[in-house]
Amino acid sequence: MFLRILLVVYVLFVLSIQPLAAAGAPDLDDRTREIATELRCVVCQNLSVADSPSEMAQQMRAIVREQLQAGKTPEQIKEFFVSRYGEWVLLKPKTTGFSALLWILPYAALLLGLIAALGFIWRWTKSKSTREQAGNSSSVAPELQNHFLTQEFAQPNLEDSSLRAKLLREGGRLKDELSDLEFDFQSGKLSEADYHTLKHEIETRGAIVMQQLGSLPAEPIAQTPDQKLPGVTAAKTASTHNPFQRWQLIAGSVFLLLFGLALGVMLTQSIRPRTSENDTMTGDFMTGTTPSTSNARAALDEGKQAFGRQDFPKAIEAFKKALAADPNNAEAHAYMGFILVRAGHGDGALMAFDKALSTAPNFPMALWGRGMVLYQEKKDYAGAREIFERLLAIVPPGEERNEITKVLAEIRAAVPGEKKQAPAPAGSAQVSGKITIDPKLQAKIDPNAALFIIARSAGAAGGPPLAVKKIEQPVFPLSYSLGQENVMMQGMPFAGKINITARLDKDSNPTTRGPGDLSGDSRNNPVEVGAKNVDVVLNQINP
Amino acid sequence: MPWRRLLLIALILGPILGLLAFGFTRDARYITSPLLAKPAAPFTLKLFDGGKITLADLRGKAVFLNFWASWCPPCRAEAKELEAAWQKVKDKNMVFIGVALQDTDENSLEFLKEFGVTYPNGKDESGKIGVDYGTWGIPESFFIDPQGRITYKHVGGIRAALVLSKIDEAAKSIASAQEGKGDYQSIR
Chain A
0 MFLRILLVVY VLFVLSIQPL AAAGAPDLDD RTREIATELR CVVCQNLSVA
50 DSPSEMAQQM RAIVREQLQA GKTPEQIKEF FVSRYGEWVL LKPKTTGFSA
100 LLWILPYAAL LLGLIAALGF IWRWTKSKST REQAGNSSSV APELQNHFLT
150 QEFAQPNLED SSLRAKLLRE GGRLKDELSD LEFDFQSGKL SEADYHTLKH
200 EIETRGAIVM QQLGSLPAEP IAQTPDQKLP GVTAAKTAST HNPFQRWQLI
250 AGSVFLLLFG LALGVMLTQS IRPRTSENDT MTGDFMTGTT PSTSNARAAL
300 DEGKQAFGRQ DFPKAIEAFK KALAADPNNA EAHAYMGFIL VRAGHGDGAL
350 MAFDKALSTA PNFPMALWGR GMVLYQEKKD YAGAREIFER LLAIVPPGEE
400 RNEITKVLAE IRAAVPGEKK QAPAPAGSAQ VSGKITIDPK LQAKIDPNAA
450 LFIIARSAGA AGGPPLAVKK IEQPVFPLSY SLGQENVMMQ GMPFAGKINI
500 TARLDKDSNP TTRGPGDLSG DSRNNPVEVG AKNVDVVLNQ INP
Chain B
0 MPWRRLLLIA LILGPILGLL AFGFTRDARY ITSPLLAKPA APFTLKLFDG
50 GKITLADLRG KAVFLNFWAS WCPPCRAEAK ELEAAWQKVK DKNMVFIGVA
100 LQDTDENSLE FLKEFGVTYP NGKDESGKIG VDYGTWGIPE SFFIDPQGRI
150 TYKHVGGIRA ALVLSKIDEA AKSIASAQEG KGDYQSIR
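Residue numbers (numbering that gives the first Met the number 0), protein chains in the order written: chain A, 0 to 542; chain B, 0 to 187.
The set of hints was computed from the structure by calculation and includes no laboratory data.
Keep in mind the model is a prediction, meaning the values are calculated, not measured.
Some hints could be false.
What the hints assert, rightly or not - Some, not all, of what chain A presents toward chain B, calculated at C-beta under 8 angstroms:
| id | residue |
| --- | --- |
| 1 | E54 |
| 2 | M55 |
| 3 | M59 |
| 4 | Q66 |
| 5 | R83 |
| 6 | G85 |
| 7 | L89 |
| 8 | A392 |
| 9 | I393 |
We put the CB at the ideal spot given by N, CA and C, even for glycine.
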């Protein structure tokens, strides 16, 4: 029986030891992860290399793995990253050098706190026991001495020169003297013997004051039945109403409350969700990583929302607020510019865009705004062209870039000098016809809209149109003709098969399609250049 | 007497809170790089034109090393400036090297073509060169003196004028005490 039990115990022991042994030799993946957990992903916010999905973290993990394979120790690997990025790359700061303070300080603070707490408790118990001792051992009026210790001396009016007032003042003074003595003794300035001698002396003087006070006629107002003490009339016990202790309690509570509030405000003000990949989680007046204050940011968001709703008065108000908080906020300046454009104040808009560009010279939104004003309002084609070329160099390929290319092509087509350079077309190289509006949509015409007549090569899948003509405030039915002079890209021949479309654009901006814009295609599409009666009916409305 | 105690508390708490507040004002990423005035990490870069370039072979020359990507707007903004600077110094004892990070060959080549970049460029396939130079966002630029020591680091977009003055300093082995900071950086 005993042998069987021994066997079972042995089997259980072996079974339990096996996984432990396996865990004792972690494989490469585990070791890589372990080190990666202690390294900061340098492109993330508070994520370790082990937890981040970013490409950079993947590369860093690969380096850790490689170095482990090469036989480096975890310390050597961490040291490698520290030598490249500095100590901030370690999520756990070093325990040596200046960083050691980060490890020592909290414990030191804890220790100090404990010592302080113990000190307070010791003082409290000590003062209580000495009081008891003094009360017991004192040969002179022990009861009075004890009352003196627990007595609170209401300080009378300074002008009051009665004997009672004088005695009360003397009592208060003696109490202060006793507190000072206590403090001096606690802070080690007095020997124990001196302390007891001086304390006894003060207490004796205090007892005399109490005695004299007791011999005075009673003061009915200050006296309540439960406060009556032998020989003393206006006495109150310190244990129930000690204003000094109450003051300490109130001050402590206020301090704690303010500290909590300050901490709460600081944290909520400094931590926020990242709004873009260039943003930081702590960005703000506290980090100094972005110049805008939280007020500016909130106002900016509010303004952008109002702008989106086309509630311009509110948007202006919000952007002004944002600029008051952060006068160099490029985004707020740019938005102000767009509002001014809408209001028809081209010069004001230009100033706003310039302000935005003075703080952020390559801010795409401001460049776009400035370019559009120069092109459409000021007809400064050379200036607009320069801006859009600058913008084209910055914006990565995509939809926005295509839009910029399109506008740039329009500007190039609009430059009078360049138009003249194009060979004069023969009279026949034209397409003409009439543009009408579907009677059902007649009511939807915006009197301020601009008409764009657009010709695209029949084979082209996308890209800028071959030719465009813009007619401000058109009157329908409208006769039109498109020719070489309307070609957008310099040197492109106005020839071959083309598709004709027309759009009545509410905001007169060919690059945007807003709700309520009317459009239509020619029924004859595709047509050969030279064709006549290529009529277009505007029969579609943009939702 | 209570005032003495309050003063003591203030003397203890003040520095701790001050230290906390100071910590909040710092973005660790902008704390000066430990690489300044240190030997530049050796590397061999496979170039887009099929060749190879090894830093060790460039001893005796001042080197400008730029990390970039085609998807990074500030890299696009500085591309022409860098090429303009290169055109001014290409006949001197100086070398410009571009290192594409986290990018595809196709997009990188398109970028080089678009901005007419003529100095040698290659791709850091594994990201090791980037890590060796402590890069975390791009563009980042390094200036290396003829002895192979990093004299200056610039994070964010850089202008031709600064490139020219810093490469001149690198040629004379003048190391800057602090790294520079440009417009802004892109991270992915």
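Outcome of the hint check:
{"no.": "1", "hint": "E54", "result": "holds (5 angstroms)"}
{"no.": "2", "hint": "M55", "result": "holds (7 angstroms)"}
{"no.": "3", "hint": "M59", "result": "holds (6 angstroms)"}
{"no.": "4", "hint": "Q66", "result": "violated (11 angstroms)"}
{"no.": "5", "hint": "R83", "result": "holds (4 angstroms)"}
{"no.": "6", "hint": "G85", "result": "holds (5 angstroms)"}
{"no.": "7", "hint": "L89", "result": "violated (11 angstroms)"}
{"no.": "8", "hint": "A392", "result": "holds (6 angstroms)"}
{"no.": "9", "hint": "I393", "result": "holds (5 angstroms)"}
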